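*Asks:* The lines below spell out each chain.
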Amino acid sequence: MPESPRPRVAALALAVGLVLADSSIVVLALPEIYRELDTSIAGVTWVLVSFNLVMALAAVPAALLARRVGPGRAASVGLAVFAGAGLACGLADELSTLIVARCVQALGGALAVTAALELLPATVGSERRAATVWAGAGATGAALGPAVGGLLTELVSWQSIFLLQVPVALVAAVPILAVAKHEAATGVIEPELRRTGRPHLWANLALAMVSAAIAAALFLLVLLLIEGWRLSPIEAALVVSAMPLAAILGGRLADNVPDARSRAAAGAILVSGGLAGLAFLPKATIALTLPPQVLVGIGLSLVLSALTETALGGRAPQAIHGGWTISSRHAGVVIGLLALTPIFTADINQQRHDAIDAGTAVILDSPVSPLLKLDLAERVSERLEEERGKVPTIGPAFEPLPADPVERAEVEQLQGELQDQLDRGATHAFSTSFILAALLGLIALLPIALARRVDL
Amino acid sequence: MSGRALIAGSIVASVLLVGAYLAAGGSSYEPEKVQDPCKPREWTNPQGLGQIANQFTISALDGAACRLGVSRETLARALATPEARERFTRRYGIDDEKLARAIRAGLVRAVDDAEEAGALSPLLAVPLREALQRIPLEQAVEIVNDAQAFLGNVESFLGPAQGILEQLLP
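Chains as they are written, first to last, in the numbering used here: chain P, 43 to 498; chain B, 5 to 174.
Rather than coming from a laboratory, the hints here were simulated on the basis of the structure.
Mixed in with the good hints, there may be bad ones.
[Said to hold, decoys possible] If the Cβ cut is set under 7 Å, some of the chain P residues that face chain B in the computed set are:
hint	residue
1	Asp399
2	Thr402
3	Gln455
4	Gly458
5	Gln461
6	Leu478
Predicted model only: the values in this text are computed from it and were never measured.
Heads up, the beta-carbon is just placed ideally off N, CA and C, and yes, glycines get one too.
Go ahead and model the full structure; you've got the sequences and the hints to work with.
*Replies:* Below, the structure is given as structure tokens:
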């Protein structure tokens, strides 16, 4: 009786989803890591950047290695390295250790993901079907990553994100081990040598630009929600779940439009539109982030699948071209993060300063007695010192509230006005970065327009 | 669905969203700008000692902040506690003498503003100005922080003298 391919397809999809989720799974944990490891925003960004940078650099060499040593063996070793490095990440108590472990994790991940694409055609029966399963698993992982990471950070700890990856990676490796054993027993590694064809330049370039915009959207939105609006990781996870939910809708929409270039263009426009919406939020309200997230979610689903299909279509071997798409996507993420982090870090410091000045002005210009207002200014000052450069929760500075009902009402009103100024500052601090990310999405329309030849 | 319809729909959705957010004030949702402390701030017809003290404090902070080249808000937070003051002087490279001169200048501006607004008699303003130009730093900070007590004392000590002067003057 022939062996059912289902467990192996599921294992390969799980491996791809797990590794590509790792690109974004720590996004919601970054503020927690930032506090616990006592680092800077620029420093903590490297937890994300290091993984994506190594993935970008290692994806194509990993694909070549997978073809040379055998995709079964490569995927098994890749998943083992990924799991081991995940364990090291979970046990890291310093930023430098965490970043090194993330780099090793990316090496293992690159090997597993590209080898999976080489294994899938034989498992599912066709290269086209393999590309669809591979791209779908990757998109699902990338979309679900932040929400899962947020839930784990809140319910357990940021370390649990990495520790949980260990058993999942090992479970995914089990069905693939059979292929590795077969490769070792038969010595058959590369049944035929085919021309690899040139990588699809325009599709990969567009993938890089769009990925930069999407990474920025996710990273900036999470920081806005947690650091700016003081949401907990679990609350932020629920909020950003709007994006993967919308991505499911986008996937259905994509099924009805056969032209990949139109899907890619529409997706890039929606991603840019959503990002521009986030840049011009008229109030610090969660509900107002939802419509832009829906646009980004639908857009990312349309554009990523269309560009991946275009980059892989008619090209062989799939692992090498899959490697190029992985490389482009992760290079885009790195570019997006490295280009925008210094901009919003500078903006958030400036806006925090402006917001605190505006809040103090509200206190000084208020009708409360001079002694009380200076006492409040003092307490606000102390609160700022306690929060050491972060956007502060201002409530404790107003406690205890005055016993006199008139004064109490005045102070409560002041508290609301001061918090409003801080919310304005925190929200406005991200505007420039969101606009730049939206521009990146729009610039991606140029390579999409040039990608005339679609080999599907 | 055709590719063109999908692209057109994407453009419309994006433009509608951004347009709606801009119309709702998305481009101006930022902290309010604080006023330049060097620009005169009008006194709003103060009634009673509490309100006069309030505006006196604001004027003093404005005057001192203008002299130091910082915002009134930054200075108010800096004068709140000795620790905050130390952080402020370290950050801006200001020594005690410079800070004292600035606060004295601010207090004199407050007296000028109070006199101009009719909240302080010229007969009280003249000696007050003279006295404030010479007071030590700690006392100057104390006056800014508790202008009500200071003005209350001025009223009780110099008030009777003002009455005598008004009787003597033609």
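*Asks:* For every hint, state whether the structure bears it out.
*Replies:* Comparing the hints with the structure gives:
1. Interface restraint check: aspartate 399(P) against chain B, minimum CB-CB distance 4 Å, threshold 7 Å, status holds.
2. Using the Cβ-Cβ criterion of 7 Å, the hint placing threonine 402(P) at the interface with chain B is satisfied: the shortest such distance is roughly 4 Å.
3. Violation of the interface hint for glutamine 455(P) is found here, the shortest Cβ-Cβ separation to chain B being roughly 16 Å, above the 7 Å cut-off.
4. For glycine 458(P), the suggested interface contact is broken, since its CB lies about 14 Å from the closest CB of chain B, more than 7 Å.
5. Using the Cβ-Cβ criterion of 7 Å, the hint placing glutamine 461(P) at the interface with chain B is not satisfied: the shortest such distance is roughly 12 Å.
6. Evaluation of the leucine 478(P) hint against chain B yields a violated restraint, the C-beta minimum of about 15 Å exceeding 7 Å.
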